[in-house]
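Engineer: Below, each chain spelled out in residue letters.
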Amino acid sequence: MIDAVGDVTEAVVTPRGWAGTAMALTLLLVGCVLVSLCVGRFAVSPQRAIEVLWQALTAPGRAIEAMDERIVLLVRTPRVVLAALAGAALAITGAALQGVFRNPLVSPEVLGISQGAAFGGALSIFVGIWGLPLLGMVFAAGLSALVFVGLIARVDGRTEIITVILSGMVVGSLFSALLSLIQFVADPNSSLPAIVYWLMGSFSTATWERVLIAAPVLLAGLGLLWGMRFRLNILSLDDSEARSLGARPDLERWVVFALVALVVGSQVAVSGIVGWVGLVIPHATRLLVGHDHRRLLPASALLGAGFMVIIDTLARTVTAAEIPLGVLTAIVGAPVFALLLRRHFGERSSS
Amino acid sequence: MIGLHDATVRFGPRAVLDRLSFSVARGRSLALLGPNGRGKTTALRALLGFQRLDSGSRRAPPIVGYVPQYASSNQSYLVRDVVVMGRAAGLGIFGQPRPADYTAAAEALARVGAARFASHRFDRLSGGERQLVLMARALATGADVLVLDEPGSALDLHNQSRLLHLLADLRAPRDRTIVFTTHDPNHALAAADDALLLMPQGPPLFGPVADTIVPGALEQLYGVPMRLVELPGPDGAPHRAVLPAFAGQRAA
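First to last, the sequence lines map onto chains A and B. Counting in our numbering, the first sequence runs from 33 upward without gaps. Counting in our numbering, the second sequence runs from 3 upward without gaps.
The set of hints was computed from the structure by calculation and includes no laboratory data. There's no promise every hint is true.
To be verified - Beta-carbon label-pair distances, calculated as ranges: (1) A:Phe377 with B:Pro63: 41 to 49 Å; (2) B:Ser23 with A:Ala54: 24 to 32 Å; (3) A:Pro367 with B:Arg61: 53 to 61 Å; (4) A:Ser212 with B:Thr105: 54 to 62 Å.
Claimed, not checked - Only some residues are given here: those of chain A computed to face chain B with a beta carbon under 7 Å: (5) Asp219; (6) Gly259; (7) Ser272; (8) Glu273; (9) His323.
Predicted model only: the values in this text are computed from it and were never measured. Even for Gly, the Cβ is constructed at its ideal location relative to N, Cα and C.
Between the sequences and the hints, there should be enough to build the whole structure, so can you do that?
Structural biologist: Take a look at the structure:
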């Protein structure tokens with residue numbers, strides 16, 4: 033898919049080229065979804081899967097009886113939807129943050145949001161809270177991490193990018209330490225394994241109920257970020273340039289951060305921490321469609337969703353037991369990222 | 003119309019700007035000169051509203067077309083997408099540029115003679131080409147005040163000449179205010195009506211180019227002996243030029 037050693041492609045994308053790329057990415061996502069619906073311990077043929085989906089869409093009230101119907105509609109579809117949403121969320125937030133920080137090595141983890149959210153989740157499991165209240169805790173802890181970062185980074189009424197990154201590191205480390213503390217005191221026979229497994233990330237508990245819990249906030253946040261796609265181009269400039277163009281970068285950055293916190297909070301709440309996607313997917317997408325956020329955001333969403341669906345499919349089919357997602361994204365993501373990194377700096381030094 | 007009134011900026015105990023006042027009327031062009039470290043950049047930032055004033059006030063329209071000396075790094079956007087950013091002020095946080103904004107961007111690119119770069123990548127252009135594109139972006143804002151930070155400093159002689167022609171060209175209709183900083187008094191002679199000299203000692207000197215870009219004032223400004231010469235220009239009319247006598251050369 034990505035030619036990491038060949039000639040540097042011109043990222044000049046004509047409107048027709050863009051439409052073709054968008055179409056190809058959409059088809060890729062549809063293909064990934066179809067594969068994911070069909071494979072597994074109980075194999076379903078693609079025709080049957082499409083038929084089942086079509087029946088469910090055209091006659092929603094119908095009772096679901098057959099085994100393959102139950103598996104496709106109640107087990108695999110919510111799982112695929114959740115994985116696609118999580119992948120799109122991580123990719124778009126990663127792309128937006130990399131733009132706003134003018135730094136290609138940034139991902140949703142740098143603001144400490146993921147660590148905060150993870151701490152909230154672990155604390156809930158530790159004290160025995162599950163279900164909806166757990167999601168609430170995850171969400172609240174993720175947002176409070178962002179608020180801490182904001183309070184620390186704000187000096188003399190202004191926030192500089194470097195102080196935000198450093199504050200994010202500080203808050204992230206603090207929450208990681210608190211998380212370790214909880215794991216240290218957790219009961220090794222019951223809550224500790226639950227915490228560890230939740231932290232590694234999984235869609236195995238996906239249900240339509242979870243989709244409905246995560247989707248509204250997540251989609252609203254993504255929709256607003258998508259609305260800011262042209263503004264993100266402006267915010268990716270130096271502050272003085274952005275200001276001269278009528279933007280208020282130190283304020284508008286926080287709008288982006290808050291939206292990222294909402295989206296990442298919902299994602300962590302339903303699927304735990306999934307690393308690498310927010311870092312690698314925007315990079316790969318830039319090679320395909322260039323740096324303009326008006327193309328980068330939708331293309332990242334499609335590619336991120338497809339990638340996450342495939343990773344999740346591998347997670348549940350490669351071995352008899354489920355492999356944690358974070359393990360797979362790291363195994364795939366780290367080498368791809370290393371290649372992208374070499375390519376990125378190779379392109380820079382040659383231009 | 004843009005200007006500062008009694009503007010003071012302190013970095014620690016040191017007053018970088020000390021009760022600086024000047025204003026540039028619509029239709030006029032101001033060159034800002036001064037030795038390194040005398041507050042040229044600070045004055046420009048104050049004028050643009052990027053630098054908080056410790057006292058005094060700033061008068062400026064809400065949007066000022068700003069041409070930075072260097073563009074932000076990592077701008078891997080197409081030139082047309084860079085120029086259309088000039089329209090951002092009218093679009094708000096969630097706005098998208100419309101076809102009319104792209105038309106304005108294309109007109110601005112044509113105005114600076116850079117239309118042929120429209121679909122090139124900005125970060126692959128040369129320094130001189132980038133500056134033209136940034137100029138187009140400033141024009142695309144629709145602001146009638148242009149502020150340029152050392153527009154000629156990184157350019158070779160050919161590109162300097164092109165830039166000065168463009169500045170003179172933009173000045174000719176007398177419907178804009180132009181402010182630029184420079185290290186070369188000849189740029190002031192070529193493209194400015196007034197000059198503001200931030201003297202190393204004493205109060206700044208502000209006045210028409212004919213009175214301020216003179217050997218006496220420039221010798222005080224830079225501490226280098228200067229000569230003013232008149233040369234026949236390409237059209238036969240006399241052109242004035244200022245020459246420094248570096249390293250004891252007997253200039254002119």
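Engineer: Hint by hint, work out which the structure violates, then give me just those numbers in ascending order.
Structural biologist: Hints 2 and 5 are the ones this structure does not satisfy, whereas the remaining hints hold.
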